[in-house]
Amino acid sequence: MTMTVATPPSPARGRLTDRQKDIVQKFAALGSLLVLIVVFSLTSNAFFTVNNGMTIALQVTSIALLGIGATCVIITGGIDLSVGSVLALSGVVAALAVKELGLAVPVAMMLGILTGAFCGLINGILVTRMRLPPFIATLGMMLIARGVALQITGARAVSGLGESFGVLGNGALFRIVTIGDDGFPTVVFPGIPYPVILMVVIALAVSLMLNRSVLGRHIYAVGSNAEAARLSGVNVAGVTRFTYVLSGSLAGLTGCVLMSRLVTAQPNEGVMYELDAIASAVIGGTSLIGGVGTMSGTFIGSFVIGILRNGLNMNGVSAFTQQIIIGLVILLTVWIDQLRNRR
Amino acid sequence: MPNGAIAGGRIDASQPAAAGETLLSLENISKEFPGVKALQGVHFNLRRGEVHAVCGENGAGKSTLMKIISGVYTPTSGRIVYKGTARSFASPLEAEALGIAIIHQELNLIPHLSVAENIYLAREPRRGFLVDRKALKANAQTCLDRLGVAIEPERRVRELSVAQCQMVEIAKALSLNAEVLIMDEPTSSLTEQETRLLFKVIHDLKASGVGIVYISHRLDEMAEIVDRVTVLRDGRYVATDDFAATNVDEIVSRMVGRSLEEKFPERTSRPTRDVILAARGLTRRGAFHDIDFELRRGEILGFAGLMDAGRTEVARAIFGADALDAGAITLEGRQLDIRSPRDAIAAGLAYLSEDRKAQGLAVKMPVDANMTLANMDEVSNRFGLIDFVKHAKAARHYIDLLSIKTPSASQPVRLLSGGNQQKIIIGKWLFRQSRVLIFDEPTRGIDVGAKFAIYQIMDELAAKGIGVILISSELPEVLGMTDRIAVFHQGRIAGVLETAATSQEEIMHYASGYGPAGSRD
Chain F
1 MTMTVATPPS
11 PARGRLTDRQ
21 KDIVQKFAAL
31 GSLLVLIVVF
41 SLTSNAFFTV
51 NNGMTIALQV
61 TSIALLGIGA
71 TCVIITGGID
81 LSVGSVLALS
91 GVVAALAVKE
101 LGLAVPVAMM
111 LGILTGAFCG
121 LINGILVTRM
131 RLPPFIATLG
141 MMLIARGVAL
151 QITGARAVSG
161 LGESFGVLGN
171 GALFRIVTIG
181 DDGFPTVVFP
191 GIPYPVILMV
201 VIALAVSLML
211 NRSVLGRHIY
221 AVGSNAEAAR
231 LSGVNVAGVT
241 RFTYVLSGSL
251 AGLTGCVLMS
261 RLVTAQPNEG
271 VMYELDAIAS
281 AVIGGTSLIG
291 GVGTMSGTFI
301 GSFVIGILRN
311 GLNMNGVSAF
321 TQQIIIGLVI
331 LLTVWIDQLR
341 NRR
Chain H
1 MPNGAIAGGR
11 IDASQPAAAG
21 ETLLSLENIS
31 KEFPGVKALQ
41 GVHFNLRRGE
51 VHAVCGENGA
61 GKSTLMKIIS
71 GVYTPTSGRI
81 VYKGTARSFA
91 SPLEAEALGI
101 AIIHQELNLI
111 PHLSVAENIY
121 LAREPRRGFL
131 VDRKALKANA
141 QTCLDRLGVA
151 IEPERRVREL
161 SVAQCQMVEI
171 AKALSLNAEV
181 LIMDEPTSSL
191 TEQETRLLFK
201 VIHDLKASGV
211 GIVYISHRLD
221 EMAEIVDRVT
231 VLRDGRYVAT
241 DDFAATNVDE
251 IVSRMVGRSL
261 EEKFPERTSR
271 PTRDVILAAR
281 GLTRRGAFHD
291 IDFELRRGEI
301 LGFAGLMDAG
311 RTEVARAIFG
321 ADALDAGAIT
331 LEGRQLDIRS
341 PRDAIAAGLA
351 YLSEDRKAQG
361 LAVKMPVDAN
371 MTLANMDEVS
381 NRFGLIDFVK
391 HAKAARHYID
401 LLSIKTPSAS
411 QPVRLLSGGN
421 QQKIIIGKWL
431 FRQSRVLIFD
441 EPTRGIDVGA
451 KFAIYQIMDE
461 LAAKGIGVIL
471 ISSELPEVLG
481 MTDRIAVFHQ
491 GRIAGVLETA
501 ATSQEEIMHY
511 ASGYGPAGSR
521 D
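Chains as they are written, first to last, in full-length UniProt numbering: chain F, 1 to 343; chain H, 1 to 521.
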């Protein structure tokens, strides 16, 4: 046994302020994102193109939207395992509202989002009023929401929803198409898909809420020390419920987007998506203990996952291997985070 | 790298030596962290059968020194001689194996395990692969008997009081054949009675030849057990004295590096007849009954009593943190209907809890965010968005007003000292324009200089017409700072005493349930 090995970590090491650490974390995540992009650009010709960029952005939307909700819930010290099931239920409700009730598409989708919000509200009540651990409350909701989705559809996909149902998921802004001499249309610019616009707007709004609003401050306070927050007059139960409702609503929205993209509602959609959402938050530096997390971090985290998937696909890596790699990436990032925070 | 490194587990077979023999000595110890000299040239030695106190303000280097003795840190330079052999402990386990045990301020027991299981954790007597439960219980019983404390070895630790947990920790140390015992603030959460019991145990340990390193902020109680005292200041060695040859004032002036004429500031506020807060018949079943008191403008009212006498419980109930079963509270003549801390805060009440880290502060958040947390409306617009200019101004104002020492307003509060943390909480309530502040053990774990500053702030608040209630287990503090004292006993107010006309003895008399002493009312 040598002395050098036994020298304990000194508390003075890494004398960075939390703000500096935050920046280091962001650059580390951003850096790995850039590395991924460079590597995949070199290994695949089709990777670094406008078209593929938009494809990735589109693929990332569901992870990011769910990740935004997950981040808020995790900052309060909770967890939401139900979003994958809730998005399926919401999408199915929206589809059935169009098909069975003949509602207009926007109204039906609003109903879908409300379904998500309602599931979130129940999660919030289970956690704050009935004092169930968030893990258990949302685990129950995960099973219930999936079960209801399968029940009301008879476990069959709902199709024949009409073209307008597909607009939200497939439409794009600034799409430029020219008709060539041969009479076939040529896509000059694929446009920015509506879901991507939605994702960016919501991420900015939630970021503003977290950083600049009283509500955001209270969310961090609840996660940092719920009792101190309560004794400072913060409505802890209300704030906590809000985060679950937000997470549920975003799950509802994600459900509508996903089902719209396929123009078919699948009650089996979104299985295990909650784990992608949590992973994106964690890769982005959100602490599962609560009190710590940023929108920008989660945004980067969801792109890391999205780009990994896309790039590995383009390089012909099998889905199984992809899972292994993404699993390793999660372990690696959180381990680095731990090293950084060790004092 | 010193040569005296441990050769795996070889322990000299020294016979039990006479009391007074030097057990442990640290010579010229320095410890540097990048950019910080935590200790410079510190000397310390411990004899068999003595209690040696280490005193110093927060940040003086006490913890670093203890961590070096207990093997958590290795010194940058200097020599450690333990039982005549130069040593260097590579880890706490190694120090423990050689007979050096530490009892931390935050106790390290596992609540769900029994007393016996805690004492023998990771050293359970075995029979094959299974734990020998009989031997476990018997061995634990022997340890507890040695201490003379009546704790069932089979009770779950979570059912024990803090004092009992401490006894279990000591029993655990004894079971390790500890010859050096480090006690870090052992009395900080004990009642007077429990402290008596602890001191009796310490006396017995001394008699059996154990050397005890004793760290405490409560200098007043040291006279009873401490033999010698070493003072540190700013990481440097100041002096070591026989306790009998020095006095508290001298120790304090060495700690702070200046002479402190008074431990308490001159009171400038004078109580008036004007009642700010009145409580009538407050009752919470199982906690307190029929609590009546009046708090007057300009007055500091003390709540004295033993632990669990109901002082904190009454404060929490007034603040809406726990529900009241009966009773009425009036603030400046208005009857209040308080159902939650939010109602109480809106009415102008503030409660500074005894456990700052668990209940007072969002420790991961910065100074400014903590300061404004109770009054976000004041620093935000009608859309609920924070006005960062106002926010920064408010934080700066109270940082300056209360002389809070922090590198910046964005420093996370967990990195600040206890005194500065307490000031941040005070700042939070001042910013909220609170009319009544209830301080619950405001100086616990805070160094002498910072205590004085907190007392001054309390006096200034009272002078400004803010009602101040001081809950404290330290009688000198209650006597030094208050105008009147409500003494609690088993959930009732046993008597309200004029501070100027009472004494520690009289307060203790009421607190232990004997009612008025002699002919006094």
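Think of the hints as simulated: they come from the structure by calculation, not from any bench. Note that CB positions come from ideal geometry on N, CA and C, so glycine has one too. Certain hints may be false.
Examples of chain H residues lying across from chain F (beta carbon under 7 angstroms, computed) [stated by the list, open to error]:
id	residue
1	P341
2	I345
3	Q359
4	G360
5	K364
6	M365
7	S380
8	G384
9	L385
Given a cut of 7 angstroms on the nearest C-beta pair, is the interface hint for H:G360 held or broken against chain F? With a minimum Cβ separation of about 6 angstroms from chain F (threshold 7 angstroms), the hint on H:G360 holds.
With 7 angstroms as the cut and Cβ atoms as the points, is H:M365 at the interface with chain F? Holds, about 5 angstroms.
Interface restraint verdict for H:L385 against chain F (beta-carbon cut-off 7 angstroms): holds, 5 angstroms
Tell me if the interface restraint on H:I345 is satisfied: Cβ within less than 7 angstroms of some Cβ in chain F. Holds. Min distance 4 angstroms.
How about H:Q359: closest beta carbon in chain F under 7 angstroms, or not? This hint holds: H:Q359 lies near chain F, its Cβ roughly 5 angstroms from the closest one there, short of 7 angstroms.
Hint H:S380 vs chain F: min CB-CB distance below 7 angstroms? holds, 5 angstroms
Hold the hint about H:P341 up to the distance rule: shortest CB distance to chain F must be less than 7 angstroms. Given a least distance of 5 angstroms, the restraint on H:P341 holds.
Would you check whether H:K364 satisfies its interface hint, that is, whether its CB is within less than 7 angstroms of any CB in chain F? holds, 4 angstroms
Against chain F, with CB atoms and a cut of 7 angstroms, does the hint on H:G384 hold up? Since chain F brings a Cβ to about 5 angstroms from H:G384, closer than 7 angstroms, the hint holds.
Figure legend: structure checked against the earlier numbered hints; every hint is met.
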